[in-house]
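Asks: Here is what each chain is made of, one letter per residue.
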Amino acid sequence: MNKISILFVVLLVIGAFGVFIIDSTQKEPFEKVQPCDLIDIISQTNKYVTTDELARKMMSDDPTIMLIDLRTKTEFDKYSLSGAINIPLENLADKQYKEVLDQDVRTIILYSNSSDLAVKAWMLTSRLTYKNIYILKGGLNRWVETILKPKEPKETALRTEFEMYSFRKAASYYFGGGSTVGETVIKKKTSLPIKRKKKSAAGGGCD
Amino acid sequence: MGPLFPQELISEEINILIGFFIGIGFGFFLEAAGFTNTRKLAGVFYGYDFVVLKVFFSAAITAAIIMFFLNHYGIMDINLTFYPQTYWIPTLIGGFIMAFGFIIGGFCPGTSICAAVTGKIDAMIFVLGAIIGIFGYAFSFDLLWKDLRNSGAMGRVNIAEWMGISDGLFILLLTIIAAVAFFAVSIIQKKVVASTNYKL
Numbered sequence: 001m002n003k004i005s006i007l008f009v010v011l012l013v014i015g016a017f018g019v020f021i022i023d024s025t026q027k028e029p030f031e032k033v034q035p036c037d038l039i040d041i042i043s044q045t046n047k048y049v050t051t052d053e054l055a056r057k058m059m060s061d062d063p064t065i066m067l068i069d070l071r072t073k074t075e076f077d078k079y080s081l082s083g084a085i086n087i088p089l090e091n092l093a094d095k096q097y098k099e100v101l102d103q104d105v106r107t108i109i110l111y112s113n114s115s116d117l118a119v120k121a122w123m124l125t126s127r128l129t130y131k132n133i134y135i136l137k138g139g140l141n142r143w144v145e146t147i148l149k150p151k152e153p154k155e156t157a158l159r160t161e162f163e164m165y166s167f168r169k170a171a172s173y174y175f176g177g178g179s180t181v182g183e184t185v186i187k188k189k190t191s192l193p194i195k196r197k198k199k200s201a202a203g204g205g206c207d
Numbered sequence: 001m002g003p004l005f006p007q008e009l010i011s012e013e014i015n016i017l018i019g020f021f022i023g024i025g026f027g028f029f030l031e032a033a034g035f036t037n038t039r040k041l042a043g044v045f046y047g048y049d050f051v052v053l054k055v056f057f058s059a060a061i062t063a064a065i066i067m068f069f070l071n072h073y074g075i076m077d078i079n080l081t082f083y084p085q086t087y088w089i090p091t092l093i094g095g096f097i098m099a100f101g102f103i104i105g106g107f108c109p110g111t112s113i114c115a116a117v118t119g120k121i122d123a124m125i126f127v128l129g130a131i132i133g134i135f136g137y138a139f140s141f142d143l144l145w146k147d148l149r150n151s152g153a154m155g156r157v158n159i160a161e162w163m164g165i166s167d168g169l170f171i172l173l174l175t176i177i178a179a180v181a182f183f184a185v186s187i188i189q190k191k192v193v194a195s196t197n198y199k200l
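Sequence lines, in order, name chains X and E.
In terms of this note's numbering, the first sequence opens at residue 1 and continues consecutively.
In terms of this note's numbering, the second sequence opens at residue 1 and continues consecutively.
Among the clues, some could well be false.
Simulated crosslink set (DSSO-like; lysine-lysine; CA at most 30 Å straight-line) [as the list claims (entries may be wrong)]:
#  : chain 1 : residue 1 : chain 2 : residue 2
1  : X       : Lys120    : X       : Lys47
2  : X       : Lys78     : E       : Lys190
3  : E       : Lys40     : E       : Lys146
4  : X       : Lys149    : X       : Lys120
5  : X       : Lys73     : X       : Lys3
6  : E       : Lys40     : X       : Lys3
7  : E       : Lys146    : E       : Lys54
8  : E       : Lys120    : X       : Lys3
9  : X       : Lys78     : X       : Lys95
10 : E       : Lys40     : E       : Lys120
11 : E       : Lys190    : X       : Lys3
12 : E       : Lys40     : E       : Lys54
For the record, the hints were derived by calculation from the structure and aren't laboratory data.
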């Protein structure tokens with residue numbers, strides 16, 4: 001073998017050693033999900049939980065839900081939903097939270113002030129192939145709007161909206177938002193007198 | 001073209017054009033390196049010329065190392081490259097047929113076309129035989145070869161995964177085997193050439 005071939009073989013062996021060293025020291029890849037699969041995951045529409053659904057679950061003491069507060073610690077200390085765990089978004093991929101988040105027994109609901117941080121966190125967790133993770137739609141802002149300070153629907157609203165309102169009002173009292181609703185002035189409904197048909201006497205059997 | 005075409009990053013026309021230029025380069029260097037010489041190709045079986053073994057082995061290892069680095073540094077996703085499913089029984093039989101063709105004819109499919117273009121009559125007959133073989137196989141496929149073709153299916157297997165070792169270790173082992181083989185065959189070649197009077 002001439003010198004050039006020997007040099008080439010030596011280069012190949014060095015390259016192979018480099019490959020081996022890199023391969024044996026390389027950490028597990030962070031992103032386990034391929035980009036093409038991620039598009040399918042992102043386009044799922046059932047990743048949201050509405051504030052009403054969450055309220056209902058919390059009021060019935062559903063043991064399967066786990067709330068994750070993605071805001072900073074100071075914000076979390078100021079106000080948070082009861083039973084929530086504070087994991088700021090930037091710490092979400094930390095090893096200490098892997099056991100909490102990577103499971104398939106409980107339903108994890110992520111929330112922040114709006115849906116913004118929660119959607120980011122949700123993307124992150126789906127790239128890490130965590131399961132059973134949902135987003136609180138509208139976040140705490142929507143929570144305050146709909147559950148803590150529900151607005152009375154207009155009189156012309158559908159019956160279902162009134163039913164929802166009464167549920168939200170009850171929830172508002174339950175979660176301690178009742179005092180913030182303020183004096184609930186019970187308006188007397190000015191409704192038109194209902195004209196009822198005069199009941200005609202039941203006719204006899206054989207007239 | 002590797003991962004570019006299947007991912008629709010380049011159009012079919014560009015793909016064929018790139019293939020055309022790679023083909024020209026491939027043919028040019030096959031001829032320049034003397035691969036259209038039947039004696040040089042068959043030499044690996046007689047022990048007086050191991051250039052075929054050296055070329056194929058080093059090409060495979062170079063490609064493996066470069067692809068590993070491209071994948072590692074995120075330039076190319078190795079999961080997007082294509083390799084066919086393995087059917088070990090027809091592959092084994094095909095390997096034997098290929099080896100006998102190599103010894104008897106002195107060409108492999110690629111070099112036979114190269115040699116035919118340079119005007120070698122034996123290469124032209126070799127190509128004709130290959131074409132007859134291709135058509136013969138295609139027309140008798142349903143009748144004769146279907147079961148054989150689908151026997152020994154293993155799915156898409158990666159040899160390193162199949163052996164249960166990491167890709168890096170496999171590349172390293174293969175390279176060491178190749179390096180040892182290169183030195184061993186150069187010794188064999190020297191001895192054989194010295195004891196006989198083979199001439200290319």
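Asks: So, against the hints stated earlier in the document, which numbers end up violated here?
Replies: 2, 3, 5, 7, 8
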